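Student: Could you build the full structure based on these sequences and the hints that come with them?
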Amino acid sequence: MGFGPHLVLALLEGLVTAATLSLTALGLSLVFGVMRVVNVAHGEFFMLGAVIAWAVAAGFPGEPALGFAAALVAAPLAVGALAYASDRLVLKRLGYDPEATIVATIGMLYILQQAALTFYGADARPVPAPFSVRIQLPWFGYSGYKLFVIAASIVLLAATWLVLSRTRIGLIMRATQYDAETAQAFGIPVEKVYAGVFALGAMLAALAAVLVVPISQAHYLMGRDPLLLSFIVVIIGGLGSLRGTLVAALLIGLSDGVVSMFFSPTLAKIIATLAVALVLVFRPQGLFGKPAR
Amino acid sequence: MTVLLSTRGLKKSFGGLRAVDGVDFALETGEIRAIIGPNGAGKTTFVSLVCGRILPDAGTIVFDGGDITALPAHARVRLGIAYTFQITSIYPRLGVFDNVALAAQRAGGGGLRERAMAALERVHLERRHAEPAGTLPYGHQRLLELAMALALKPRLLILDEPTQGLSDAEIADFITLVRVLSRDATILLIEHNMPVVMELAGRITVMESGKVLAEGTPAEISADPAVQRAYLGAPADG
Amino acid sequence: MTDAGKAWMLHVALIAALFALHFVLPAYHHGVLARVMVLAVFAMGYNLLFGYAGLLSLGHAMFFGAGLYGAGLAAYHLGWSVSAAFSAGILAGISLSLAVGVLALRTTGVAFMIVTMMFAQAFYLATLHFNAWTRGDEGLVLQTASRTLGSLSLADPATRYLAALALFSLVLLLTLAVVRSRLGRVLVAIRENEPRTIMLGYDTFAAKLAATVLSGAICAAAGAAYALLFGYVGSTLVSVQYSILPLLWVLMGGAATTIGPLIGTLLMYYLVDLSGGPLDRLLPGWHLTYLGVVGVALVLLILFFPKGILGTVRGRWLRWLP
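Residue numbers (our numbering), protein chains in the order written: chain C, 196 to 488; chain P, 45 to 282; chain F, 59 to 380.
The set of hints was computed from the structure by calculation and includes no laboratory data. Please read these numbers as outputs of a predicted model, since none were measured by experiment. Please note that the accuracy of each hint is not assured.
[As the list claims (entries may be wrong)] Just the calculated beta-carbon pair ranges, DEER-fashion: (1) C:Thr377 - P:Arg157: 44 to 50 Å; (2) F:Gly167 - P:Val106: 33 to 39 Å; (3) C:Gln480 - P:Gly66: 35 to 41 Å; (4) F:Thr166 - P:Leu156: 39 to 45 Å; (5) C:Lys287 - F:Ala71: 53 to 59 Å; (6) F:Gly335 - C:Ala317: 17 to 23 Å; (7) P:Arg171 - F:Gly63: 43 to 49 Å.
Ideal Cβ positions, reconstructed from N, Cα and C, are used throughout, including at glycine.
Tutor: Set out below in structure tokens:
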């Protein structure tokens with residue numbers, strides 16, 4: 196294979212990464228934007244989505260499409276319910292204090308990893324793809340499922356976007372984000388909005404995981420990379436800016452595919468991590484955001 | 045008399061709003077000067093520029109003959125500019141004594157304990173030195189902040205709406221206190237309470253829309269028709 | 059006795075008690091306590107920044123790591139003596155904390171936490187990337203021969219315990235002196251109300267930088283001691299877990315207390331230890347690891363016990379505790 200086809204392959208892989216990363220990072224960004232909570236356990240909601248997808252798919256042996264469809268519904272619902280409960284039981288009691296909630300979500304991260312280890316085990320397990328079509332491109336064949344992941348992510352992102360920008364729910368969320376106290380004064384049930392947003396953020400991560408898990412595998416420590424990458428995306432995109440998050444996810448996803456094809460992945464990660472730290476120091480509004488106020 | 049503080053062409057905008065718009069100002073050593081003006085006139089922004097909490101877009105600030113325009117706030121405090129916040133700012137979880145000791149420690153020199161207690165005595169809080177500052181009633185918290193400023197031994201003391209939220213009796217005590225303080229320090233105060241201004245200030249500066257509208261003695265200011273239109277609201281003869 | 063007198067007496071008594079334990083503890087617990095004292099130094103370094111200055115870092119593993127690798131690499135590859143390697147570790151910690159402090163202290167709150175976490179992540183990845191020198195996860199084992207101080211072998215349990223105790227005592231008394239000093243009072247003032255502190259004429263950036271470097275140097279001393287006393291240098295010791303642990307130890311023992319870090323480290327060490335042994339036998343098949351213990355401890359502490367053990371003791375009974 197020549198350089199050109201190599202690049203096309205890298206770009207396609209990058210698009211797959213970018214697609215699921217956008218969903219995951221959008222969840223993190225929503226939670227931070229509306230609630231000002233940095234959810235360090237976000238990667239574990241992703242992991243739980245994958246593990247639950249495996250459990251659900253295992254209930255439909257020989258029918259991968261049905262199992263996948265069931266997982267696509269069940270995993271986000273279960274993870275969303277769990278996130279809702281943890282908001283009520285933990286975050287709300289802390290009064291959403293930024294530092295205390297970080298400590299608490301670190302604790303949740305460990306608890307969820309322990310729970311997965313206890314109930315699911317230490318093995319990495321595959322989930323069968325719902326279909327196994329190979330699309331023949333001029334230079335190589337490519338997994339039809341991966342193309343489906345890109346398409347499905349775009350649909351889900353568009354749906355989220357519509358909800359946020361066109362519906363009453365979105366309006367209430369934006370009002371709460373803009374000024375929680377005033378929103379409360381106008382009769383918006385801010386606490387319910389917070390719990391809902393926390394659940395929605397976790398559901399987006401779980402959805403991304405269900406899409407990813409036929410490509411990679413379910414494992415109790417798989418939440419670490421998505422968490423770190425989502426952090427990078429949210430910071431580069433500007434904390435709390437949804438548009439910035441999407442642009443950054445595309446950028447990071449694509450460059451991740453391309454860079455790791457040509458450089459040592461660890462070196463690429465080191466440079467990316469340092470770059471992100473410096474962005475936060477010198478341009479806290481993100482590369483695409485406007486300065487605050 | 046010598047000029048302690050002066051500003052020339054001082055400007056600061058927030059977004060499109062010109063909060064301070066070309067202020068030339070001079071303050072003489074030993075004065076008690078009041079700055080008055082309607083809400084949003086730029087008074088707090090102006091004193092924040094003077095004490096360095098924000099940096100100006102244009103213009104210069106000279107204190108005691110030296111240009112301090114680019115100095116960070118903490119360095120200006122060291123030169124002798126003390127500032128009490130518009131919204132009381134103390135260390136609520138530390139003791140009353142510790143609050144003042146932090147100021148006295150920075151001013152330097154020996155006898156930290158004596159100097160801190162002396163500052164507390166001047167505002168009559170010495171008996172409450174062991175209490176957490178946050179448990180003091182509001183009026184006493186304002187006095188505590190004043191004691192912190194005193195312990196710094198300032199040459200210029202900037203008071204931002206010091207009588208806000210005080211009772212009439214507390215205001216009377218406050219006026220006496222400021223008179224005593226003015227023997228050692230030049231005083232610049234932003235104040236809405238006109239009787240306090242009329243009683244304390246040697247001169248008054250009136251600001252409006254980020255500019256200096258008028259300046260003079262209390263008698264001159266209350267007779268100035270432009271000030272009456274802009275700020276006092278009604279003509280003097282009713 | 060004055061409060062200051064009581065405080066110094068208490069600290070000296072604690073050191074004496076730890077010295078007495080050297081002669082009575084059974085071998086296993088003797089070994090645990092040696093390790094706990096080194097890790098408690100790490101916690102004390104963290105506490106200086108988090109407890110007193112109110113700066114919550116999520117990246118202190120890199121300062122521990124600077125000492126660990128600074129000393130470990132110097133001893134392993136360059137054959138430096140114990141004292142030279144130990145100094146190299148501390149120097150590495152000072153340089154790194156100075157560089158990180160200058161950058162990270164431009165941010166506050168949540169951004170500060172994330173920036174420190176990112177720098178520590180880059181440090182961790184670097185130990186993996188340069189595995190020609192570090193051997194990454196597998197790590198380096200320092201030979202006993204390279205761990206001798208004069209005629210004393212640091213691999214010997216008794217010497218190891220006393221060396222750990224010496225470092226611990228030094229750092230404990232240093233911490234006590236710092237928090238009672240002018241700098242210590244300014245750090246607390248910054249934690250309580252930074253704008254007010256600036257307007258009292260303090261250069262708060264300089265004070266925070268000083269605290270960061272002091273904290274970095276102490277944590278690096280712990281890392282260097284860990285490498286030289288226990289003879290192992292590996293990437294797992296600088297992973298994100300080792301940024302979270304000192305936070306947990308300090309929270310449990312009591313933030314902004316001088317002795318809290320030791321109490322928190324000791325308790326958590328035994329709790330995690332229990333999860334491997336007795337708890338595992340109690341709940342077979344649960345695969346209980348440090349994950350569950352640390353997670354539950356963090357959530358419970360922050361929800362119900364945010365002042366930690368000594369913080370609560372100070373609040374209720376002993377107001378003079380430093």
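Student: Hints broken by the structure, by number, lowest first?
Tutor: 3, 4, 5, 7
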